[in-house]
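> Please take these sequences and the hints and turn them into a complete structure.
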Amino acid sequence: MQVSMTVNGEEVTREIEGRLLLVHFLRDHLRLTGTHWGCDTSNCGTCVVWLDGEPVKSCTVLAAMAGGHEVRTVEGLEQNGELDPVQRGFVECHGLQCGFCTPGMMMTARALLDRNPDPSDTEIREAISGQICRCTGYATIVRSVRWAAAEEAGTRTSLETQATSGSAS
Amino acid sequence: MQVPAPFEYQRVGSVSEAVALLDRLGDTARLVAGGHSLIPMMKLRLANFEYLIDINDLHDELGYVRVEPGLIRIGAMTRHRELLESDELAAAFPVFRDAERVIADPVVRNRGTLGGSLCQADPSEDLSAVCTTLDASCVIQGMDGERVVSMEDFHRGPYETAVGDAEILTEVRIPVRPNGSSAYEKVERRAGDWAVVSAGAAVWLDGDGLIADARVGLAAVGPNTAGIPGIADALRGRHPTEELYGRAGDIAAEACSPVTDRRGSAEYKRHLARELTVRVLRRAVARIDGQEV
Ligand SMILES: Cc1cc2nc3c(=O)[nH]c(=O)nc-3n(C[C@H](O)[C@H](O)[C@H](O)COP(=O)(O)OP(=O)(O)OC[C@H]3O[C@@H](n4cnc5c(N)ncnc54)[C@H](O)[C@@H]3O)c2cc1C
Ligand code: FES
Ligand code: FES
Numbered sequence: 001m002q003v004s005m006t007v008n009g010e011e012v013t014r015e016i017e018g019r020l021l022l023v024h025f026l027r028d029h030l031r032l033t034g035t036h037w038g039c040d041t042s043n044c045g046t047c048v049v050w051l052d053g054e055p056v057k058s059c060t061v062l063a064a065m066a067g068g069h070e071v072r073t074v075e076g077l078e079q080n081g082e083l084d085p086v087q088r089g090f091v092e093c094h095g096l097q098c099g100f101c102t103p104g105m106m107m108t109a110r111a112l113l114d115r116n117p118d119p120s121d122t123e124i125r126e127a128i129s130g131q132i133c134r135c136t137g138y139a140t141i142v143r144s145v146r147w148a149a150a151e152e153a154g155t156r157t158s159l160e161t162q163a164t165s166g167s168a169s
Numbered sequence: 001m002q003v004p005a006p007f008e009y010q011r012v013g014s015v016s017e018a019v020a021l022l023d024r025l026g027d028t029a030r031l032v033a034g035g036h037s038l039i040p041m042m043k044l045r046l047a048n049f050e051y052l053i054d055i056n057d058l059h060d061e062l063g064y065v066r067v068e069p070g071l072i073r074i075g076a077m078t079r080h081r082e083l084l085e086s087d088e089l090a091a092a093f094p095v096f097r098d099a100e101r102v103i104a105d106p107v108v109r110n111r112g113t114l115g116g117s118l119c120q121a122d123p124s125e126d127l128s129a130v131c132t133t134l135d136a137s138c139v140i141q142g143m144d145g146e147r148v149v150s151m152e153d154f155h156r157g158p159y160e161t162a163v164g165d166a167e168i169l170t171e172v173r174i175p176v177r178p179n180g181s182s183a184y185e186k187v188e189r190r191a192g193d194w195a196v197v198s199a200g201a202a203v204w205l206d207g208d209g210l211i212a213d214a215r216v217g218l219a220a221v222g223p224n225t226a227g228i229p230g231i232a233d234a235l236r237g238r239h240p241t242e243e244l245y246g247r248a249g250d251i252a253a254e255a256c257s258p259v260t261d262r263r264g265s266a267e268y269k270r271h272l273a274r275e276l277t278v279r280v281l282r283r284a285v286a287r288i289d290g291q292e293v
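Going down the list, the protein sequences come from chains L and D.
So for the first sequence, this note's numbering puts the first residue at 1; every next one is plus one.
So for the second sequence, this note's numbering puts the first residue at 1; every next one is plus one.
Hint data in this document are derived by calculation from the structure and do not stem from the laboratory.
C-beta atoms are modelled at their ideal positions from N, C-alpha and C, and glycine is treated no differently.
Just so you know, not all the hints are guaranteed correct.
Stated by the list, open to error - Away from chain L, derived, C-beta distances all over 12 Å, residues of chain D:
1. 64
2. 236
3. 241
Stated by the list, open to error - Distance windows between CB atoms, simulated:
4. L/81 to D/13: 39 to 47 Å
5. D/254 to L/15: 57 to 65 Å
6. D/164 to L/28: 35 to 43 Å
7. L/152 to D/241: 51 to 59 Å
8. D/165 to L/152: 45 to 53 Å
9. D/27 to L/15: 28 to 36 Å
Next up, the structure:
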C-alpha cells in the first residue's frame, strides 16, 4: 500500500506493507535513525516521536496509521541550524551518557515544555515516567529539562549556577 | 524483531462505515483504536487476521465527554489523556482521574482509548473496574442499530465481551446520582506497570447520612472483576464506619480469585483486595463530605 505523511515538515510518500511499524518506517525507509528502537514492547520509550503534536511510542503505531498525519522526530527539533533549547540543555547538563534513551527523552521534554513552560521536578519525572534511562539515574535529565525551561523563560543564569554548584558538591 | 503477520490495512471515516465493513469481512477483520493492546499482541502473533480496520478517524465522532442531567456520556474513542484531563468528569466521578493517573504512562495515555480498554477486557485492565464501579452501560452499534448493555453483561470473561464480530462499541453511559462520590487505588510494582491489584469504589448516601448504595470493582484478582453484589447488600442502610469498610474488605477478599504470578502471590493479592477496598470506600465517603483526600 502507499502511505503519505508529513515528517518534520516534509511530505513523504512510500510504498509499504500494512504491518510496517512507524519506528521502522522512519529508520529504515526514511533513514531517520535518530529515533531509536529498543524494547519493542512499548515500555522503554526510546522510540518516542510526535504524532500530530503528541508524543507516542512509534514501535506501537503502524506506519499506515500515521498516513495523512504529521510526524516529528528528534531530527526535527533543530530549527534553522539552531539546536532546540531542550537539546542544548542535554548538552549543558550532561543529560545523556550513552545517548540511547535521549531522542525519546527530548521529544517528551519538548512536548512537556510546550504545554507547561515551567514544570516542577515532579512534573518532569511524571512526563518521562514511561521511558527508561539505564545511565543517568534521571537526575541530569531532569536538570537538562529545567535548563531548557529557564533558557526559554530568560531566567537561566541563576539556575545554571545552582546546577553547577549542585553537581560539584 | 517483533513484526505482525501480514494483513490488509483499511481505514474508515464513520461508525456506519465501520459496521458495514465489519459486516462484510466477518471474523477475518479486527478494529484497531489506540492499538496499545492489539499491536503488541499482533507483534507476538497472539492476534492474527486478514484485515485491520483503523478507527482513529472516528475520534471526531466518538471522542467526547458529555455531561447531561443525570448522565455522563463518554465516546469510545476518548483517549486516556482526555479522560485524565476532563475536569467535568473528575468533578462527577473522581474515580476516573484517580485511575487515569496510574494507567500505563503519559505517552501510552496519549494513544489508548476507553473503548479499546473495555473491549480488550484484560482482567488487569483498570477502566473496566472503574466502569463497573460506576454502574456504567455500554452502547454497541451493529447493522440493525444500537443496543445498550450493562457492564456485567458487557464483560463476559477474560478477553471476551458482548461486542459481536460485526459490531462496534460507540459510547459508555454513566448515571449521575446525587450525594455520591468515588475513588480508585492501585498497587503497582513500578510506575507505568499493570496493577498488582486495583480497587474502585462508589458510595451514595441518603438524607440521614446512611449508605443508600455502594459499589466496588476490582482489577487483577481473577476473571470476575464485576461489582461484588455482596458488598452493596452489606453496606446499604448502614452508617459508614471503619468497621463496615472492614466487613466490605472481607467480602471483597473472599469474592476474588487471584493467582500467584510475577506480580505477587495469591495471598498477597487477596490481602491487597481487602485493604484497597477499605481505603477506597473510606476515601469515597470522605469526598461526599467535601473532604478532598
Ligand atoms: C506499556 C503499557 C502499559 C499499560 N498499562 C496499563 C495499565 O496499567 N492499566 C490499564 O488499564 N491498561 C494499561 N495498558 C493498556 C492501555 O490502556 C491500552 O491503551 C488499552 O488497553 C487498549 O486501548 P487501545 O485503544 O489501545 O485499544 P486497541 O489495542 O486498539 O484495541 C484493543 C481491542 O479492542 C478492540 N476495540 C478497540 N476499540 C473498539 C471499539 N470501539 N469497538 C469494538 N472493539 C474495539 C480491538 O479490536 C482490540 O481487540 C497498558 C499498555 C501498554 C502498552
Ligand atoms: S522501542 Fe518503543 S517503547 Fe521501547
Ligand atoms: S543515556 Fe544511556 S540510556 Fe539514557
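> Is 57 to 65 Å a correct range for the gap between the Cβ atoms of residue 254 of chain D and residue 15 of chain L?
Given range 57 to 65 Å: holds, Cβ gap about 59 Å.
> Do residue 152 of chain L and residue 241 of chain D keep their Cβ atoms within the hinted range of 51 to 59 Å?
holds, 53 Å
> If I take the minimum Cβ distance from residue 241 of chain D to any residue of chain L, is it greater than 12 Å?
At about 35 Å from chain L, residue 241 of chain D clears the 12 Å cut-off, so the statement holds.
> Against the range 35 to 43 Å, how does the distance between the Cβ atoms of residue 164 of chain D and residue 28 of chain L compare: consistent or not?
holds, 38 Å
> So does residue 81 of chain L sit 39 to 47 Å from residue 13 of chain D, Cβ to Cβ?
This hint holds: roughly 40 Å between Cβ atoms.
> Please check whether the beta-carbon of residue 64 of chain D is more than 12 Å away from every beta-carbon in chain L.
holds, 18 Å
> Taking the CB of residue 27 of chain D and the CB of residue 15 of chain L, does the distance hold inside 28 to 36 Å?
Since residue 27 of chain D and residue 15 of chain L have Cβ atoms about 29 Å apart, the given range 28 to 36 Å holds.
> Verify this label for me: residue 236 of chain D is non-interface relative to chain L, using a Cβ-Cβ cutoff of 12 Å.
holds, 39 Å
> Do the Cβ positions of residue 165 of chain D and residue 152 of chain L conform to the proposed distance bound of 45 to 53 Å?
holds, 51 Å
Going through the hint list in order, the structure satisfies each hint without exception.
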